[in-house]
Structures are given as structure tokens and as C-alpha cells.
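S.K.: The lines below spell out each chain.
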Amino acid sequence: MGSKLSITLLALAALTTAAQAQDKSSDIIARGEYLARAGDCTACHTAPEGRLFAGGRAMPTPFGTIYTSNITPDPDAGIGKWSADDLYRTMHSGRFPDGGLIYPAMPFASYTKVTRADSDAIFAYLRSIAPVNQKNRPHELRFPYDNRQLILGWRTLFFSEGEFKPDPTKSAEWNRGAYLVEGLGHCGMCHSPINALGGTSQSDAFKGGLIPMQNWYAPSLTSNREAGLGDWSIKDITDLLQTGVSARGVVYGPMAEVVHNSLQYLNDEDTRAMAVYLKGIAEGSSPPPANSALPTTESSLLISLGKTVYDKNCASCHGTQGEGKPPHWPPLANNQSIEMQSAVNPIRMVLNGGYPPGTRGNPRPYGMPPFAGLLSDNEVAAVVSYIRTAWGNRGTPVSAREANELRSAPLN
Amino acid sequence: MFARVAASAAVIVTLSAFDGAAAQTASQPPDTMAARVEACTPCHGNKGEGTSDVYFPRLAGKPAGYLYNQLLAFRSGRRKYPPMNYLLEFLPDPYLEAMAEYFASEHPPLPQPAPSEVSKDVLAQGEQLATSGDAARNIPACVSCHGPGLTGMQPGIPGLLGLRAAYVSAQLGAWRYGTRTAKSPDCMQLVAGHLTEADVTAVAAWLATRPAPANPAPVPKGTYALPFGCGSQPN
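Those sequence lines, one after another, are chains A and B. Just so you know, we're using our numbering here: the first sequence kicks off at 119 and counts up by one. Just so you know, we're using our numbering here: the second sequence kicks off at 253 and counts up by one.
Hints listed in this document are in silico derivations from the structure and should not be mistaken for laboratory results. Do not rely on the hints blindly, as some may be mistaken.
Claimed, not checked - BS3-like cross-link-like pairs, simulated, lysine-lysine; straight-line CA separation at most 27 Å:
| hint | chain 1 | residue 1 | chain 2 | residue 2 |
| --- | --- | --- | --- | --- |
| 1 | B | 473 | B | 435 |
| 2 | A | 443 | A | 430 |
| 3 | A | 443 | B | 299 |
| 4 | A | 397 | A | 353 |
| 5 | A | 443 | A | 425 |
| 6 | A | 253 | A | 199 |
| 7 | B | 473 | B | 299 |
| 8 | A | 283 | A | 397 |
| 9 | B | 332 | B | 299 |
| 10 | A | 253 | B | 332 |
| 11 | A | 253 | B | 435 |
| 12 | A | 430 | B | 299 |
Put together the whole structure using the sequences plus the hints.
M.R.: Dropping the structure here:
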């Protein structure tokens with residue numbers, strides 16, 4: 119009797135331990151899924167209409183087309199034979215488990231900052247998804263970029279390996295934000311100037327730049343004249359990151375994708391931490407806007423035509439004083455995205471219109487109509503010149519030629 | 253005296269309550285689908301009736317299931333038109349469904365058919381194909397799927413009225429060359445694959461001459477049997 123009881127108890131204990139272990143492992147998987155979203159893995163590793171993480175998405179680069187890889191646990195086509203060590207090494211050092219060099223389209227220069235624990239959680243999550251037997255498609259890179267040895271040069275110039283080191287002079291919240299922005303968030307991939315070698319130099323981190331192949335301008339996250347968030351409230355920043363819309367402006371273009379696939383899923387604490395960090399890195403002073411390349415007489419003609427175009431086509435939503443009806447119809451007055459030195463984004467918004475992403479916080483966003491078919495190059499330049507200079511905005515006029523050039527910008 | 257003061261106070265309270273409500277409404281866009289689909293209107297018209305551009309189709313009154321399938325196809329890039337692909341890329345399914353239902357429920361009048369630019373013979377050939385098909389070439393009649401009145405069938409088969417010849421011809425061309433595709437079995441690709449360029453011109457021209465029927469609404473699901481399987485209209 120006694121021994122039977124103890125066997126039962128032992129069995130119960132074993133069951134409880136197994137259940138606890140299972141709980142723990144499902145916690146890790148859930149955490150890994152959350153972190154994979156923070157890293158926006160799906161944006162690249164899932165093709166349109168494709169299976170989750172089966173890769174095959176074409177990534178156009180100035181050097182040719184890269185096809186993303188299958189990261190499902192399929193043993194042949196995916197990463198089913200990898201260990202947690204392998205994933206960590208790949209994220210951390212930008213090399214495949216066999217030592218092969220990875221093209222820096224994979225943001226390992228950011229992912230190197232990810233902790234071992236977070237990498238392991240992402241690994242546990244990737245192990246838990248459905249394996250897909252879909253072979254990786256070879257890249258189509260032009261000579262000489264098809265030679266992976268060239269990556270060594272890129273690495274020397276632009277890659278410094280190492281996990282995130284917290285700054286002890288800053289708050290835990292600031293450091294958490296820094297970890298997410300600089301690491302998994304890989305914000306610097308777009309929000310830094312990209313030089314001819316396809317790299318981002320540390321000193322220019324978060325200083326903004328034109329995104330290659332997409333022709334959208336990723337504004338500086340440090341200059342308050344661009345997307346620097348120094349004079350934004352924390353609530354406006356978290357609204358923008360979580361829902362895609364805010365009292366100060368809405369996300370569009372490639373940033374809409376980031377909010378849609380990644381940022382909307384982050385919890386309130388992490389979003390706030392990112393906001394605190396982003397607000398903190400904004401620099402108070404920045405160079406004054408460059409003078410317009412246009413002669414003064416041409417500018418004033420454009421601006422006067424621009425007011426006519428604006429009152430007829432734009433004022434019904436954005437208001438006669440550019441005040442908008444935030445957050446859904448964004449204000450244009452005191453909107454950095456309109457005023458900043460590069461006029462690429464405002465011109466493209468007028469031409470192409472756009473919807474902010476549909477998110478959990480804003481599932482039915484309002485959209486901006488495309489005006490490419492309704493306005494001439496001259497009218498586009500005029501209305502953009504007007505909104506960049508009216509109501510105290512400190513932007514510069516743009517030419518019809520700039521408007522014309524962006525008509526052919528790629529849309530997807 | 254007391255009564256007058258009370259009455260004035262009541263007026264003030266009422267006025268300020270009214271002001272508050274008005275200010276709140278004025279500071280936000282209308283909470284309607286019409287305001288949310290304004291991005292669609294430069295090309296498709298305020299109520300989806302179409303615009304003067306002959307390549308942009310009428311949306312109004314088409315079956316919601318058909319419109320929803322198109323929105324999904326544009327979002328995923330299966331149906332290629334970069335301005336549409338771009339606008340829809342990050343919109344969730346339920347919202348696309350609501351957009352489809354919005355345009356399906358709009359019923360602006362169908363336009364007067366424009367005089368045709370093709371010869372009577374070509375129109376006659378178009379009518380023959382559209383109403384009877386050509387069994388020898390495996391071409392079913394348009395009416396066998398799109399309905400005797402060409403008004404379409406719920407939930408997935410579109411009406412063919414109120415579209416300009418240029419649009420229909422461009423779409424049939426896209427089906428023929430495989431740049432427009434739909435869920436398998438892709439019935440329109442099969443049909444269009446049997447059409448010659450002359451057939452396309454004739455059918456598109458004849459369809460554009462059709463006057464509005466008394467009831468332009470798509471017929472209910474299952475009103476008639478389809479001649480073959482269609483991925484967009486599961487039985």
C-alpha cells in the first residue's frame with residue numbers, strides 16, 4: 119500500500135514537472151514569437167501569398183536581386199538541422215553555421231546586439247512553426263557582387279560585432295528602448311545614410327537617408343527638423359509606433375510596413391521604452407534648411423499657384439491652415455515630414471496618396487487619394503512648395519522637374 | 253424672475269453642450285466608409301461609378317464577393333497594378349471586406365452607352381460570342397456565367413455593364429497573356445486563352461453598347477448553373 123502510494127505520488131510529481139516544463143517551453147515560444155515580430159523577420163522571410171517564414175521573397179538591391187531564405191524547421195529546405203548555437207552565431211556574427219558569409223541585406227549589423235537569451239527564444243519559436251519544404255532560390259547578383267568574398271570588405275568597413283551594452287548613466291527604460299531600436303528593430307537599416315557600398319557608418323547612425331531602390335526618404339531620427347522626436351510628446355510617439363497614426367502625423371511608405379508587420383505587436387512597456395529612447399537621441403540643434411535652388415520669382419509664382427491647388431484639392435481634409443483633423447487627417451502645418459530638406463516624401467504622397475497601415479489600434483485607417491492623374495508636374499510642384507512654406511513651415515520650394523522624376527518611382 | 257434666470261441658465265448649458273458636441277465632430281473626419289474610401293475616388297468616382305478615364309472600372313453594384321477577391325488579389329500582388337498594390341498593401345481583411353461591401357451597396361445610375369467606334373459586322377460578331385459563344389472553339393457565351401442580363405451573380409461573378417470597351421479589352425488581354433490570374437480553376441484564363449485579338453475587340457465593343465437593364469443588380473447565388481468550375485465562384 120505504502121509503496122503503491124509513493125509510486126502514485128512519484129508519477130504525479132513527474133506529471134507536474136512535465137506540465138511545468140511544457141508551460142515553460144510554451145512561454146519561451148510565445149516570447150520568441152514576440153521577439154521575432156520585434157525583429158520584423160516576417161517582412162523579408164515570408165513571400166507575398168507564401169507560407170510563413172518559407173522565404174523566397176525577392177529583395178531588389180542596387181547590386182541585383184537577393185531571395186530571402188527559408189527559416190522554417192524543414193531539415194532540408196529550412197533550418198531544421200540548426201542548433202540554438204547556430205542561430206545565435208548567425209544573428210551575432212553574420213555567418214552561416216558552416217562559416218559562409220551572409221549578405222548584409224540580412225540586418226546582422228543590428229542583430230549582433232541581440233542577447234543570447236532572446237536569440238534562443240526566437241530559435242524555440244522558429245522550431246515550433248510548420249516546416250515547409252521549399253528550396254531556397256539562388257540570388258541573382260551582378261558581377262562582381264556575386265562574389266561573397268566582397269562581404270569581407272563590407273564587414274571591415276561597417277560591421278562591429280557585439281551584444282548591446284547598456285549605458286549605466288541612462289534609465290533602464292532608455293536602455294530597453296535602445297536595445298530594441300538598435301538591435302531587433304534594426305531601424306538604422308533605413309534611417310541612416312546608405313553609401314555607395316551599401317553600408318551604414320556608425321557616425322552617421324540614425325541620420326536619415328534615401329532608401330535605395332524604393333525612392334522614399336527615411337528621415338533622420340536625430341534631427342528635430344526631420345523625424346527627430348525631441349519636441350513630440352511620449353504619447354504621440356507611442357501612438358505613431360503602435361497604431362500608425364498620431365496627432366503629429368501618420369506613417370506611410372516603408373514605415374507603414376514596419377508598423378504593420380512589427381511595431382503594432384509590441385507591448386505598451388516596450389513601445390514606451392522605444393519612445394523614451396527615440397526622444398532622447400534627438401539633437402536640439404540642427405543645420406538650418408538649405409536655400410531653395412529655385413529663383414525667387416519662380417518660387418513665388420509656384421507658391422501662389424500652389425495655394426489655388428491646395429484650396430481646391432487639399433483643404434477639405436487638411437484644413438485651410440494646414441491644421442488637419444488629427445490623427446486621421448494629419449496636420450501639414452508644423453509637420454516635419456513636409457518641411458524637411460528632402461522633398462521626396464511630400465511629393466510622393468501627393469502623387470501616390472496612401473493608406474496608413476491597418477493596425478489593432480486603428481483597423482480602418484483613412485486614406486489619401488493619389489493625385490498623379492489629376493495634377494500636372496507644375497501643379498504638384500506648386501502645391502508641395504506651398505505646403506512646405508505656408509503657415510510658418512520652414513521648407514523650401516520644389517521644381518516641376520523633381521515632381522516629374524518621382525512619377526516613375528517604384529510603388530512596391 | 254427666478255424662472256427667467258433658470259431658463260437663461262438652461263439655455264447657456266444647452267448652448268455649451270451643443271458647442272462641445274459640434275467641436276468634437278468638427279475635429280474628426282466623418283466616421284463613415286465614404287470618408288474612408290476617398291483614396292479610391294479620383295480613379296473610380298465618388299460612388300464607384302467610374303470616371304472619364306476609360307481604363308478605370310466602375311465598382312458600384314458589383315457583387316461584394318467579386319470586389320473583395322480583387323482587393324485581396326491587388327493586396328498580394330497576384331493582380332498587378334502598382335498604384336492599387338501600393339494602396340492596399342497593409343490593410344487587413346475585414347477592412348477590405350467592408351470596402352467591397354460599401355461599393356457593392358452603391359447604386360449610381362449606369363452610364364448611357366457611348367456610340368461604338370467599330371463596324372456593325374464587328375458588333376454582330378461580338379454579340380454572337382457574348383450571347384452564344386463558339387462551341388467549335390471551346391468558347392462559352394459570356395451570358396452563361398455573367399447572366400442573361402450581364403448583371404453578374406452573387407457572390408463572385410461581376411456584371412459586365414457600365415464598363416468601357418478599352419477596360420474590358422485590356423482585362424481580356426491580361427487574362428490571355430497570363431498577367432491577370434485568379435484562384436484555380438481559373439475559368440477566365442481558360443476562356444480568354446481561346447479568344448483571338450479580333451474576338452476581344454468585338455466582345456469588348458458589343459458589351460460597351462449594352463443599355464442599362466431595368467434591374468442592374470447581380471442575381472442571387474445559384475440562380476443558374478455554371479458551364480464549368482470556377483475558383484472564384486465555389487458551388
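S.K.: So which of those numbered hints doesn't the model satisfy?
M.R.: Checked against the structure, no hint fails, so every one of them is satisfied.
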